[in-house]
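**Student:** Sequence lines, in order, name chains L and Z.
Going by the working numbering, the first sequence wraps up at 586, each residue one higher than the last.
Going by the working numbering, the second sequence wraps up at 210, each residue one higher than the last.
Think of the hints as simulated: they come from the structure by calculation, not from any bench.
It cannot be assumed that every hint is accurate.
Claimed, not checked - Below, a sample of chain Z positions facing chain L; criterion: calculated Cβ distance under 10 Å:
#1 Arg58
#2 Leu88
#3 Leu150
We put the CB at the ideal spot given by N, CA and C, even for glycine.
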Amino acid sequence: MNQEDWLDRELREAAPYIDDEGFTARVLQQLPPPRRRHDLLRAVILLGMAFLASVLAYVVSGGGRFVSVTFDRLAALPALWVFALALTSGLVIAAAGATAAVSRSRASLT
Amino acid sequence: MELTDADLVARVLVDDDQHAFGELVRRHQSSLRGLLRQLTRTDVALADDLAQQAFLRAYKNIRSFRGEARFSTWLYRIAYNCFRENARRRKELVGIDEEQLQTQHDPQVADPGLRHDLMRALNLLPLNERSAILLCCQNGLSHDEAARVLDIPLGTVKTNVLRGREKLKRMLADWGPN
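So that you can see chain Z by itself, here it is in the shape it has in the complex:
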């Protein structure tokens, strides 16, 4: 029988079982690295560094995981904090504004496909909308869970998802159903 995340966390807490923690890393590495790659605008090396940092921080602070939320939600929150701290250091927290959005989207460039356009459109969204879209629409978190991860009010998450969707729809209008 496969152990649940809660079982593995318990083993880490009680026995300081690093194999159990390794299993948690194996289970969540893909989604966490994926999220961070999107947040860092596909900077793979930076995203992996942040993911590593997030897992190490999770290990050191595992006693503060009280099991009220899913382990993955708690992990996302740590990862998002790592990303924010790094972005603050790199002064990248300011989102790209509408004007920038227009100038960066060059309709003359022939895109190889929808996936490429979607990635580019996502990268053009301001951070608050991008992160809300990534958590809720891509990683399947509820608005409430996303609000915990991002440490913002529930209403703000809903607004950001809505605005982000609108912008994505606008940017991907050529690909959408008519």
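For reference, chain L alone in the conformation it holds in the complex:
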């Protein structure tokens, strides 16, 4: 065994693992608060775009006549059909919400 190998081995072994002993927690405590996400800005933009799209749809559809026509048609449907339609819509929205919640919780666990 040559001197270099011997020296390198001793140098490596002279650096044992140092236990954390609360070091990481102390560092994390001193971190600045997380950046404020621009959630409010995002919400405002989305609502604004939705509002603009609604106005555009209203104008393009000739004063929203299609809405009253749709309501008239819905009102003409049998009560059982309306109930089935509402139930289906609710289930679809609930399933989409649950899927999003599960995928988000999985991502935060990994």
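Mind docking chain Z on chain L? Use the hints.
**Tutor:** Here is chain Z on its own, set in the frame of chain L:
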């Protein structure tokens, strides 16, 4: 599957995920604190303060990490800069010269073991040689990576490692293979 350092850095960048940064700290705290303890001549409290400072600086400047080098190399560089700034303030940047080296090594003192002698010999090396030896021989960085950490030319790193080794060999001659 364990996330790589790059994945964790990406999470910090995109979501400001402090848990991800905590994982990075957990992974690298031992090597960083170890390096700083050696650089500060086993001043544990100072070394831990500097390590903490280095991690905080890394968090604040994580956007400047471009992924060209390993995350650990980037971290070592920050830690070494923290150490240098502190040493400058404490006027400890000047290495111990040969004369000092001779007077501090008292052959009459019975050392309890090789590890103790090695630590003492390392502490007697001038800072430039000590840091090059610690990075390359102890922490496994390539000469090129050490040059980035220390912000000195590659050739200087090689020279410092070579000189440091020679001095260590001389000081530890009694322990080496005959």
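**Student:** Could you run down the list of hints and mark each one as holding or not?
**Tutor:** Outcome of the hint check:
For Arg58/Z, the interface hint holds, since its Cβ comes within 10 Å of a Cβ in chain L; the closest pair sits about 5 Å apart. For Leu88/Z, the interface hint holds, since its Cβ comes within 10 Å of a Cβ in chain L; the closest pair sits about 6 Å apart. With its C-beta approaching chain L no nearer than about 6 Å, Leu150/Z sits inside the 10 Å limit, and its interface hint holds.
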